[in-house]
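> The residues making up each chain are set out below.
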Amino acid sequence: MDKVTKTIIRYEWASFVRNKFQLLLLAIIFLFGMYAIYYGTSVVEEQQKTIADVQIIEEDEFHQYQVSFDEELNSVDAKRKRDIASDPSYAWFRHGYHAVLPPHKYAALAIGQRDLHPYYHRLTGMSLYYQLFENEIANPVKLYVGNFDLSFVLIYLLPLLIIAFTFGLYSIEKESGVLALLRIQSISIRKIIAIRLLFYFMLITGFALLISLIGLLVSGNMFADENLLAALLWLVGVILYSAFWFGLMFLIISFFKSSAFNAICAAGCWLLFLLVIPAILNVWMTTKFPVDTIHLAELTRRTGLENENDEKERAEVLSEFLKYNPQYKGSDSLFHNNEYAKVYAAFTTLKDSHSKKDVDAYSQLISKRNQWVNQFLWINPAVNMQDAFALISKTDLNTFLNYQFALTTFHKKITSFYFEKLFWDKPITQEDYSKRPIFKMKENDQRWNMVLYSFLKIVIITFLFGIMGFKKMKKVTN
Amino acid sequence: MKTSIRIAKKEIKIALREKLVLALSCIILVLLGISLYTGAIAYQQQQEAITKAQKEKREEWLGQGDKHPHIAAHFGTFIFKPKTVLSLFDFGLDTYTGTSVYLEAHYQHQFMFRPAQDHSSMIRFGELSAALVLQILMPLLIIFLAYASFTREKERGTLRLLSSQGITLTSIAWGKIMAYFIILLVILVPFVLGILLLSYLLKTPDTITDLGIRIVLLGAAYMAYIFMFIVLSVLVSLKSSISRNALLTLLTCWILFTIIIPKTVANLGESLYPLPSMKIYKEAILKDKKDGLDGKTPRAVRMAQLEKELLTKYKVDSVQQLPFNFDGVKMQAGEEYGDKVYDVHWGRLLDLFNKQNKLGSYASLLNPYIALRNISMGFSATDLNTSVDFQKKVENYRRVFIKKMNDDMAQNSKYGEFYEYSVGLDMWKSVEDFEYNTPSIYATLKKYTLELTSLFCWTVVLILLLNYITRKTKPTNG
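First to last, the sequence lines map onto chains A and B.
Take the first sequence: its position 129, counted from the start at 1, is 132 in our numbering, and no numbers get skipped.
Take the second sequence: its position 81, counted from the start at 1, is 1364 in our numbering, and no numbers get skipped.
Derived from the structure by calculation, the hints contain no laboratory data.
Any given hint could turn out to be false.
Sample of chain B residues lacking proximity to chain A, with all beta carbon distances greater than 12 angstroms (derived) [stated by the list, open to error]:
{"id": "1", "residue": "Arg1289"}
{"id": "2", "residue": "Ala1291"}
{"id": "3", "residue": "Val1602"}
{"id": "4", "residue": "Leu1748"}
In the BS3-like style, the derived pairs of lysine-lysine whose C-alpha atoms are separated by at most 27 angstroms in a straight line are [what the hints assert, rightly or not]:
{"id": "5", "chain 1": "B", "residue 1": "Lys1572", "chain 2": "A", "residue 2": "Lys52"}
{"id": "6", "chain 1": "A", "residue 1": "Lys354", "chain 2": "B", "residue 2": "Lys1335"}
{"id": "7", "chain 1": "B", "residue 1": "Lys1712", "chain 2": "B", "residue 2": "Lys1613"}
{"id": "8", "chain 1": "A", "residue 1": "Lys371", "chain 2": "B", "residue 2": "Lys1335"}
{"id": "9", "chain 1": "A", "residue 1": "Lys360", "chain 2": "B", "residue 2": "Lys1712"}
{"id": "10", "chain 1": "A", "residue 1": "Lys359", "chain 2": "B", "residue 2": "Lys1335"}
{"id": "11", "chain 1": "B", "residue 1": "Lys1613", "chain 2": "A", "residue 2": "Lys84"}
{"id": "12", "chain 1": "B", "residue 1": "Lys1755", "chain 2": "B", "residue 2": "Lys1522"}
{"id": "13", "chain 1": "B", "residue 1": "Lys1522", "chain 2": "A", "residue 2": "Lys443"}
{"id": "14", "chain 1": "B", "residue 1": "Lys1570", "chain 2": "A", "residue 2": "Lys82"}
{"id": "15", "chain 1": "A", "residue 1": "Lys84", "chain 2": "B", "residue 2": "Lys1570"}
{"id": "16", "chain 1": "A", "residue 1": "Lys260", "chain 2": "B", "residue 2": "Lys1296"}
{"id": "17", "chain 1": "A", "residue 1": "Lys84", "chain 2": "B", "residue 2": "Lys1572"}
{"id": "18", "chain 1": "A", "residue 1": "Lys429", "chain 2": "A", "residue 2": "Lys326"}
Per label pair, the in silico range of CB-to-CB distance [to be verified]:
{"id": "19", "chain 1": "B", "residue 1": "Gln1327", "chain 2": "A", "residue 2": "Asp361", "range": "21 to 27 angstroms"}
{"id": "20", "chain 1": "A", "residue 1": "Asp361", "chain 2": "B", "residue 2": "Lys1591", "range": "49 to 55 angstroms"}
{"id": "21", "chain 1": "B", "residue 1": "Thr1334", "chain 2": "A", "residue 2": "Val239", "range": "37 to 43 angstroms"}
Ideal Cβ positions, reconstructed from N, Cα and C, are used throughout, including at glycine.
Pulled out of the complex, with its shape left as it was, chain A reads as follows (with noise of 0.2 angstroms):
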């Protein structure tokens, strides 16, 4: 480092510290950080702890079935209780399993849409749509109005801090009348404002990064083997955010306007990129893939037969549910014993089997219109760096549709369960309880290659401007 760069920084961070307004704003986003990895976490915590009660719900449920097996036989009450527990013609739509998605310790600091979708189903062998699209309890004006969690801070305030610091860095000089007295330095004039740019850039980036860490080492432990790539990957991206946004403000300094104009197209950049190009997407999609649920509404409606009376149709039912599920084929007892609660059974399976062109047609939309919306993030770094803190917390729209897409094989595993009992006549006994389904989802391998696509996109963009920056900037200069 030369002596001149010493000096200017020197300067800089002289000047830095006496400027109370400075100071003072970057007090209050502090403060805003604090308050929202406050909120992130309380909000993580009340999941975690709904999480802990249907858990409990869950095992006390099981737990009762369990001892009955110990019971005497000596009331209705006790005699009740057992054939829920042991006849598979009451438990495969008694039994209730749930299936959990529990929140990554760094949703506290991306909540994403984790407030939106269900994160828990309790699950029975009856209709999987049936019990599928319940919503979570949440207030519509909350919703709308969105998270203030910390990659708020991050995404809509730190572009803020970087604009109120930089828009003046040459204009402000000029209207001062200290320009005149660079200009008869050695030094050239670019090489002075990207000096302090940098200077900048490193000052705010810093304090954005300390607010990250505090989060993060706040919301989870940062060392552990679960957390630390995302962590890492958290701080990186902070790191090329800010980045953008410097390249951003080099670029509209280049043009050597007035402090006000700066001012004017940095905030409306902002405005650009955090309202006007993100809002229009989303209509644009909705106008031009229009999603139609209600459509699907009347997969939860609970329909049972005709007539349950009717042999023929009884018949037909369960010749058609063969057909979907020959493994069954072979049992004859399959028209014989406990009839209605097979049929029941086949039932509701023939109509998942029925409308799961429809539930596939209907994931295989939204996926489609966020695919084809993602392509416009490339000139979107804002909306682009909250989809990869979504993703880096696992609160994204694809960890949803995956949780969905893990629901439905758990379902299947639940039903084959009860119905290898209900359709071959054979009781539930004590142990077949340590086998029963548990809830397993896979996890996302293409996450971290997502993640790095989003930070590639970024890069990109901010070279771009910072080559643009330098050649306006050569040319005026010269």
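Start from chain A and add chain B according to the hints.
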């Protein structure tokens, strides 16, 4: 007055020369155009889909064949939330409230499918609607138009020249305000024409019955907002020494008003009044239905009481001797108790929502943006009040239709018979189709007294302040 008009004329001329103002006006006009266009398409798509689905569901209900009325009560029907024609102007909460609900006996199902669930987290950046443009972008245009209104005169020394001619600051200020207001009104002319054209083209039957007065009130509220923002900008410019400071102050206000405060308030509401989770909420309802609201009168006791009461009243010794089917009466009694329990819990939930949102209403006294946002949603019938009103009316419809089924069962079927009894088309026809009308504008106005007061006070106080300050201040060159 005459001088004010002359000043206004000059200001308009100058504004027309400003490229930035012209460009921004064009952008706003284009965005308004896009928003109306996409709003109209979304409205039509949604309206068509809902009308079609509602017709289908009605046909399903009528064509369900002969069956026991209680089976029909479980077959139930679906209701879909219609969009109001004003939603093409202000989407309000439509993206975040559920759209379909299944109505059946015993259960109050929740509304399913919030459109926001079909989006990635980009939806949280907002959707382009005319209301968004007018509430958020319009103030920005006003700021750009007016931030230098006085500071430029000060910087160029023309303010002194003006006052040396005997022109008061008050008349200068009003001249400028008039000019900006006229400019904005002219910009809005094509937009208003577009709205009128649309309302002529979209002559579908709508749920809003008092459309005319709502449009007039919306217009008045937005005018007040725009006017208020102009006065504010001029006032800040008057009090600032240089343009840069005026601009920065106004931009800070704008960001606080439109982005930071609304989000903070909504999040604070959520922290202060946490909502229960759906699972816990439903579990509590089930428990109260089972054990009684006081926790001491379980279902069996309630039913035994009912039986005893009826036996004494009709002076008979067994339920078989009652002049109606006791099962039907029991069914209805159970239904009504369930409704009572539901009302208690739902009431509590709504109370929490109201408390959370009340915070926003209070904040609107300090923040005119929140005031206008709430009023605009309210007048467009896309707010929470309308949504709750809709849910209440749907639930009432469910109760009436279930009661009809139970009463028929009590009056016309025999005790102990179920599959033997059935009713048909005449019965289904006697259940009227559901029709929804939004609450009257007067009911809506009552809900928004705080917001209306806020908008009124902001306007009046700013005007008084401007007059006071312009009289007190001596024109200087800053």
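> Lys429 of chain A and Lys326 of chain A were given as a pair; does the straight-line alpha-carbon distance stay at or below 27 angstroms?
holds, 22 angstroms
> Taking the minimum C-beta separation from Ala1291 of chain B to chain A, is that value above 12 angstroms?
Correct as stated: the minimum Cβ-Cβ distance to chain A is 23 angstroms, above 12 angstroms.
> For the pair supplied as a hint, Lys84 of chain A and Lys1570 of chain B, is the alpha-carbon distance within the 27 angstroms limit?
Within the cut-off at roughly 18 angstroms; holds.
> Beyond 12 angstroms from every chain A Cβ: check whether that's true for Arg1289 of chain B.
Since the minimum Cβ distance to chain A is about 27 angstroms, Arg1289 of chain B lies beyond 12 angstroms and the statement holds.
> Given the hint that Lys84 of chain A pairs with Lys1572 of chain B, test it: the Cα-Cα distance must not exceed 27 angstroms.
holds, 20 angstroms
> In this structure, is the beta-carbon distance linking Asp361 of chain A and Lys1591 of chain B contained in 49 to 55 angstroms?
holds, 50 angstroms
> Between Lys1755 of chain B and Lys1522 of chain B, is the straight-line Cα distance small enough, at 27 angstroms or below?
holds, 12 angstroms
> Check the hint pairing Lys1712 of chain B with Lys1613 of chain B against an upper bound of 27 angstroms on the C-alpha distance.
At roughly 25 angstroms apart (the allowed maximum being 27 angstroms), Lys1613 of chain B and Lys1712 of chain B satisfy the hint.
> Straight-line Cα separation of Lys371 of chain A and Lys1335 of chain B no greater than 27 angstroms?
Measuring from Cα to Cα gives roughly 25 angstroms; hence the hint holds.
> Are the Cα positions of Lys354 of chain A and Lys1335 of chain B separated by 27 angstroms at most?
The given pair, whose Cα atoms are some 23 angstroms apart, holds under the 27 angstroms limit.
> Compare the distance between the alpha carbons of Lys260 of chain A and Lys1296 of chain B with 27 angstroms, and conclude whether the hinted pair is satisfied.
Roughly 23 angstroms separates the two Cα atoms, so the pair holds.
> Next pair to validate is Lys1572 of chain B with Lys52 of chain A; report whether the Cα-Cα distance is within 27 angstroms.
holds, 25 angstroms
Taken one by one, the earlier hints fail for this structure at numbers 9, 13, 21, listed in ascending order.
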